[in-house]
Amino acid sequence: MASILQFLVYGLQLGSVYALLALGYTMVYGIVGMINTAHGDFLMIGALSTFFIAKAFESINADGTYPMLIVGLIILISMMFTGGIAVTVEAIAYRPLRYKPRMIALITAVGVSMFLENFPRALPFIGPNPRPFPTLFINRTFNVLGASITSTQLIMIVLSAVTMIALDRFVAKTKIGGQMRAVSMDKDAANLMGINVNKVISITFFIGGALAAVSGICYASAYPQVEVYMGSWLGNMSFVAAVLGGIGDIRGAMLGGFILGIAQIFATAINSTFGYAVGFIILIIILLVKPAGIMGTLTIEKV
Amino acid sequence: MKKLLAALLASAMVLSLAACGSSSSTTSTTAAAAAATEAAQEAAPEASAEPAETIKIGFAFPMSGTAAMAGKYSTHGADVLKEALGGVIEVNGVEHPVEFIYADTEGSEEKTTNVYQKLIEEEEVIAIVGPDASKCALAAGPIAQNAGCPNVATFATNTAVTETGNYIFRACFIDPFQGSVAAAYCEEQGYKTACIMFNNADAYAVGLKDAFIENFDGEVLGIEEYSGSDVKDYNVQLTKLAVQNPDMLLLPNLNVELGLQIQQARSAGLTCPIVCGDSADTPDVANVAGDAIDGVAYVSAFSAESTAPAAKEFVDAYVALYPDELPNSNAELTYEATKMVVSAIQNAKTLDRDGVRDAIEAIDGLELPSGSMTMDATTRNPIKGGVIMQYDSEGVTHFVSSVNP
Chain A
1 MASILQFLVY
11 GLQLGSVYAL
21 LALGYTMVYG
31 IVGMINTAHG
41 DFLMIGALST
51 FFIAKAFESI
61 NADGTYPMLI
71 VGLIILISMM
81 FTGGIAVTVE
91 AIAYRPLRYK
101 PRMIALITAV
111 GVSMFLENFP
121 RALPFIGPNP
131 RPFPTLFINR
141 TFNVLGASIT
151 STQLIMIVLS
161 AVTMIALDRF
171 VAKTKIGGQM
181 RAVSMDKDAA
191 NLMGINVNKV
201 ISITFFIGGA
211 LAAVSGICYA
221 SAYPQVEVYM
231 GSWLGNMSFV
241 AAVLGGIGDI
251 RGAMLGGFIL
261 GIAQIFATAI
271 NSTFGYAVGF
281 IILIIILLVK
291 PAGIMGTLTI
301 EKV
Chain B
1 MKKLLAALLA
11 SAMVLSLAAC
21 GSSSSTTSTT
31 AAAAAATEAA
41 QEAAPEASAE
51 PAETIKIGFA
61 FPMSGTAAMA
71 GKYSTHGADV
81 LKEALGGVIE
91 VNGVEHPVEF
101 IYADTEGSEE
111 KTTNVYQKLI
121 EEEEVIAIVG
131 PDASKCALAA
141 GPIAQNAGCP
151 NVATFATNTA
161 VTETGNYIFR
171 ACFIDPFQGS
181 VAAAYCEEQG
191 YKTACIMFNN
201 ADAYAVGLKD
211 AFIENFDGEV
221 LGIEEYSGSD
231 VKDYNVQLTK
241 LAVQNPDMLL
251 LPNLNVELGL
261 QIQQARSAGL
271 TCPIVCGDSA
281 DTPDVANVAG
291 DAIDGVAYVS
301 AFSAESTAPA
311 AKEFVDAYVA
321 LYPDELPNSN
331 AELTYEATKM
341 VVSAIQNAKT
351 LDRDGVRDAI
361 EAIDGLELPS
371 GSMTMDATTR
381 NPIKGGVIMQ
391 YDSEGVTHFV
401 SSVNP
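So the sequences go chain by chain: A and B.
Residue numbers for the first sequence follow our numbering, so the first one is 1 and each next one is one higher.
Residue numbers for the second sequence follow our numbering, so the first one is 1 and each next one is one higher.
Each hint should be verified, as a subset may be incorrect.
Computed beta-carbon distance windows for the label pairs [said to hold, decoys possible]:
(1) D352/B - P124/A: 40 to 46 Å
(2) V319/B - P101/A: 31 to 37 Å
(3) E123/B - N191/A: 57 to 63 Å
(4) E187/B - L145/A: 48 to 54 Å
(5) N143/A - E83/B: 54 to 60 Å
Since the hints were made in silico from the structure, they are not lab data.
Using N, Cα and C, we set each Cβ at its ideal position, and we do this for glycine too.
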């Protein structure tokens, strides 16, 4: 029983990373209609930039921990920076291709992903070597019903839950959120209604990048190692999570992320050899039963 | 606009040509200077009258990618010997200029096979030193074998590497040897029970695990697996092993994974001693593991703290060349592999690939930093000793004991 609870904690931990990243995938897909394969690399940029920002604040880090206020500031700067990179990527690489066939945008996204991985690798101060991630959150272990939960895990799960609810409310309630939904429904009609489509798409990318930075910080805090390739595998997994939940749907992405994380951990607990393959088996089964994903609705494209 | 572009391109080409010209001229002048001093010392006019054929030795290492650190140490190890040779190898009284050609494998199988093709066909090297990973050596070995080019792998510890054919040798001990060194060390320490977590997608980890199980007299309580270095969550496996409460934990995995595994093992409640393979021998592991690194032991081929004269000589030469670092096993094994090739070139009956191959096979009692080495002519594995190293709380390694299983 205790170990099941323990595995559930691990599952939530992994799932919260997948979910946060899947949100970015799903938002971009919902609004622009393209699969941004470079999204996983925004996570890497978030984690790497946090590494360097935390280094810049090192003088404040007297007794091995950063004050809460500084941690908040570090996370905020990293989110801004990664969001900025995402907006730049969209403006340079994706915007000129918006009315070209989708395949072109997809291939460009693959190219962007390779660039984002290999360019930092070529920079002498970053390089290819894995680095230890600084301890941002206070490390304390709690014992709940026999399962041990670290404060990092707790912060991760809470932080991702809060961010996701905030995003959900943001899209549902605010003016910009409404514009996003409008662009997602019909770009041209939204444009005619006086919505600045470019601005809305830029904001979408900014939010996606910022969320990827949060998930990067969470991931690197739980598994304290940063390197330039860390985003590619996670990007793939969270893409699976987004499809699982129904790509284009924000709540579906959250659900898909948590389902995938928990399923992988429990499958690993039962048999460590096949653990991660199980994630894909679940995906296939769900897509066979519900081809649009758990929360998605099938739309038939009219010619 | 087009004209401007053309002008830019043209100037770039001129610049690159100029760069090529200057770099090649500097190398040739240094080689010439070295040759000149040698000639002055030995007063051998026939050498200068007829320029001897240049001997090229190829090197295949991961100079970029996740294993770039190992590649850096490897090239530095080879540089030590290059420096000592001074650009020439003397064969039967004739001084041949020698050229070391470094090629980047990026640690991937595909890239390594390309690099082998290039070194053998285009550069026409007499022998190849490297690569350091078993998977790369297994992928590229058949190319060297089919071309009849002798190949001394540095860190490829998997048994199957030299089974590719009679042109493939290695400078390190093999996985089973490492596993049995670890097993012998554990018995010496009185560990009765063990748990293992290993990467089932990696030949190195699987080979080490198998040999450990075969040679360990105690009881193996639990074995957990995972696949690939993309997965960074080992919490589940380690939590399950912690329940077994073993005397020791064996982590025979790759260096990029070990740091996190050691850390997660400690936080999952595994307080027992941790023993790793020689992949734990990079500062990255200690950096990532943090405080958890304290007391982690690993099998190694070499210790810079060793007091043997050949080892001291190597370490001194290395530090003179690279004052900011100490040689690790990658550096030392590359040095040894290169030394094997160079001594084989010097003793070869005919100065070609076959002659060098026969001479490598015949190496008997070559003095190397890790001790006296003899090549086992049937398995093409070296016969030599291993050491156990241990990290302290500062992440610094210390020599513990030398083991001969």
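Okay, the hints, checked on the actual structure:
no.: 1; hint: D352/B - P124/A: 40 to 46 Å; in the structure: holds (41 Å)
no.: 2; hint: V319/B - P101/A: 31 to 37 Å; in the structure: violated (59 Å)
no.: 3; hint: E123/B - N191/A: 57 to 63 Å; in the structure: holds (59 Å)
no.: 4; hint: E187/B - L145/A: 48 to 54 Å; in the structure: violated (40 Å)
no.: 5; hint: N143/A - E83/B: 54 to 60 Å; in the structure: holds (58 Å)
Hints 2, 4, counting from the list given before, are not met by this structure.
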